[in-house]
Amino acid sequence: MTFMSLLWLDEDQRKGVLPSAVPDCFHDLCLDQVMATAVGVDPDLVSVFCNPPHEIETVVYRQKMFQDLERGDIAACGREFMLALRRSRTLADNARRSGNIWASRRWNLDAARAYAATLATLHGTLTKAEPSSPAMKSLIDWLATTLASTRHQRLVREGDEIVEALNRVSYMVRVGEGVFTVLPSDDGPDYGRRIEATFARFRQGDLQPLTFGYEEDVIFTNVEGKVLDFVATLNPEIFGKLDQYCREFGDYESETVRRLDYEFRFVMAWLDLIARLKTSGLSFCYPLLSESSQEERVTDAFDIALALERAKKKAGPVVSNEFHLQGPERVLLVTGPNQGGKTTFARMIGQLHYLAKLGGPVPGQDAHLFHVDHIFTHFEREENAHDLRSKLEDELVRIHKIITDATSRSLVIMNESFSSTTMNDAIALCAIVLNTFLERGLICVCVTFLETLATLSDHIVPMVSDVEKGHEDVRTYRIVRARPDGRVYAMALARKYNVTGDDIRRRLASQVRPRETGL
Amino acid sequence: MKAHLLFPDRDLDLTAALPPQSAALINDLRLNVVFEAMARGDAVIAKIVPHVLLAGTDDVAVILYRQSVMRELMEKEDFCRNLYAFLKETLSAEHKSYLHMRNRSVSGVIFDAVLSLEVLSGPLQKLKVIANKQKTLATSTAVRRLFEILDEELDDSLFADLLEYSRVFRVPEMLLSARLGDGNKGVDYRLRGFPGARFRWLKKLIGQWLPPNSYRLDPRDDNGARALNDLRERALGGAASSMQQGKDHVLSFLTNLRDELAFYVGALNVRRRLCARQLPLCFPDIEASGCRSFDAQDLYDIALALASDQPVTGNNVPMTGSRKGTIITGANQGGKSTCLRSIGLSLLMARCGLFVGAGHLTTAMVGGVFTHFKREEDRTLQSGKFDEELRRLDDLLTYVRDDSVVLFNESFSSTNEMEGSAISFDVMDALMASGVRVFFVTHQYTFAHRGFLLRRDQILFLRAPGRKGADRDFRLEPGEPSATREAADLYQRVFGVALSPSIKTTPSGL
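If you read the sequences in order, they're chains A and B.
Position one of the first sequence corresponds to residue 1 (our numbering), numbered consecutively onward.
Position one of the second sequence corresponds to residue 1001 (our numbering), numbered consecutively onward.
No lab work stands behind these hints: they were computed from the structure.
The hints are all genuine.
Calculated cross-link-like contacts (lysine to any residue; reagent style SDA-like; alpha-carbon spacing at most 25 Å): (1) B/K1002 <-> A/D206; (2) B/K1185 <-> A/A95; (3) A/K241 <-> B/R1179; (4) A/K241 <-> A/A114; (5) B/K1185 <-> A/G178; (6) B/K1126 <-> A/Q204; (7) B/K1185 <-> A/A117; (8) A/K469 <-> A/R481; (9) B/K1126 <-> B/L1137; (10) A/K241 <-> B/K1185; (11) B/K1185 <-> A/T233.
Not the full set, but computed from the structure, chain B residues with beta-carbon under 10 Å of chain A: (12) I1149; (13) S1157; (14) G1181; (15) D1182; (16) N1213; (17) R1216; (18) A1227; (19) E1233; (20) A1239; (21) A1240.
Built from N, CA and C at the ideal position, the CB exists for glycine as well.
Taking the hints into account, I'd like the entire structure generated from these sequences.
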């Protein structure tokens, strides 16, 4: 059978997928949270999240497939396929649990038939939906070939015949005290009907028949098992066929179907996640990736981790941001007031580059991105020890590793690096690092309070977190291209906390009164 | 097998909601006094009577049907009371017998049902004897048919079956059938019978040999015993349901019979008290539809008679001919409201097939009775009182039909007399024009007078006389509404002219 995958172009690519550890950048970019939300109760999907393809052709193959599955009708095909396969596996699982050979064979038979029906349905619905992506088209071809095979056709036809025969079997049990006998059934009357007839004359209105709930356990009791064994003895021909069927078709599920199910689960998990965010008005798009140009342009993007968290808390939508790099620009230097959305902005850029490689829709109205080979993050780390030297040392060790590993095709995101040392030292260290990156030509986002770094090079784009005009204590969480001036928001914050000069004089003058501000 | 003492063709439906506006009727007509007198502490009657009385019926045939039952049971009061007591006792005995064993397992249900049916078997046989004797003595269709059916249906085969069921379920051997379901588990279990007798010889052979495809459990195999019992219970499920339903059908038949009889017993209770006071009772004559008359002689308020020992005054209300409305005016404490209530109550009782508190009553069929009484106690904060009155009118007009009767008691008096009168007149005039009969107690002279001037041919005018000396006579008299000083003052204030005879010649001024 030919190779069939929704995510990979050939067998070699797929085999490159290792159950590797979560990428280093996941924690800093909050992609671990995003992944956890997306995979939910399906931890198998982690390995797809953690192994994006390196080849841009594979990304494009996936993007087209994702676009198909964004169509409601095609998504429905996929969902029904996954559900139906799950049902068939539940049946197969029952076969293992029942504890009676004839029950187990019946479950196997039903599981095989359910499996066959699942494939036929997927083929039918998908063909009708007329997908346009190469992945979906080759899936239709693969299904057609499989369904047409002799073995598959026999599996269906013979299975149907056996089920029909089994449904016709009926039997009687004579139950005594501690003893029972199984007999072939006659067409005798139902004693319950006789009782009904007696009381029909009293009928005043319709009564709801009593029903007694039984826990239908798959596992057979010894009595049930014996009864079934005797029933099999009484019907040797049909049970013989059942036996033969299970020997022949016991192992029916193909490796490809298992993989398809897995891949559908991944795609649906991602589409479900973004669908939740779309309802709050956020945009998603398929980024245009380039392997040659490092110019980037993104509009209306956002930190997807924050967006998910706010959606969960039913808070308002996140603020969207845009950025671009043109010509020789390589470094985005982000400064501005604390809590102004700088880290969020940096995370957003890292997420965009990573998610773009996975092939699905990414946050944003529109995105042109460089197909980076690796994403490095240099964020502040919480530490057990309070020794500042060790903290700085740790930071330096980590930045050294990044400088060693990063290529000209990498993305580096630095967040408040070297903030544990003196300002002059920090400026010096940052300048060295940034210069190294600039020489290498890689793309870098640097969040810092060291505004002066903006003057290092023309290739550095200064950006600041914006505040509202006239209400400088109100942050807009927008990050805009601007020379930082560092003054406006300071005054605003002072007013907010009643610590301007006037405030302090007034407060000191009225000390006798109880404090009113609550500070 | 149906009781059918209230309807020729259906049971009393106790689940039906009370008609809209019932709460107002109960309150305004003091129906609780009547309900309590009918029930005399009997919970069943107390539950049934409000339903039957408030629901009434639009069907003259049903009214006549009930009147004939009522007449027969008035003749056989003791028999009726005894039968009712017998049914009550039977049902409460049955209730006691299985109250403690509300078990929802299959065998529990069967056990309950068998026990109940054993308890009920005796009373059913007694009922058979009663029916056999009474069916020839009955005078009304309903009673005769009931006893005929009882005599026929409570036959030998029924009692033979009941006996069989009380035995077979105690036999441990049974035959069941099943089919193969999911995973070849048995499904569709059915009980095929109890081959107990035929099986007995086999028992003796146990130990020596078993028929093919047999299995004997190890005596220590508790799980196996449970599983076998489970198999048994599944097969008995259908029979359990049938037994339970059978029992419930018997019980619900007896309950229906008791409930329907309860209504008549309640009526007998009230009748006994009123007869003791030598107050007149009569079955109303119901006139064909289309006519809008109400002609009562010596009409009194049964609720008042039941609530107090004061002498009761009967009124004549001859709303006949082209009249569709009555306006009652006159002095306070003059019996106006009492008369209005007696009209309402007599209509309700007539509508449900009962006798009424009057010497004689002829009335056209009544589709529904509605009250719009002044509410002293209503202090709705969200809207003014006049708003409230109009809203209440709006509510009840949702349900009023052309064959309804609406009783107004000092309505629209929460605004000034001119506005109130205009509303009152418009409301009454519009209702009458639609065929609705209107009885209106009012202090609004402007309204009453305008009605007299403009609608004299359609409206009966009754007047409560003022107190004349110590002799309080509440009997209303027919007569033109007369202005009180209050009305004259109001009129003067509103119109700026004195209320003078000249107004009678210029009705357009109103």
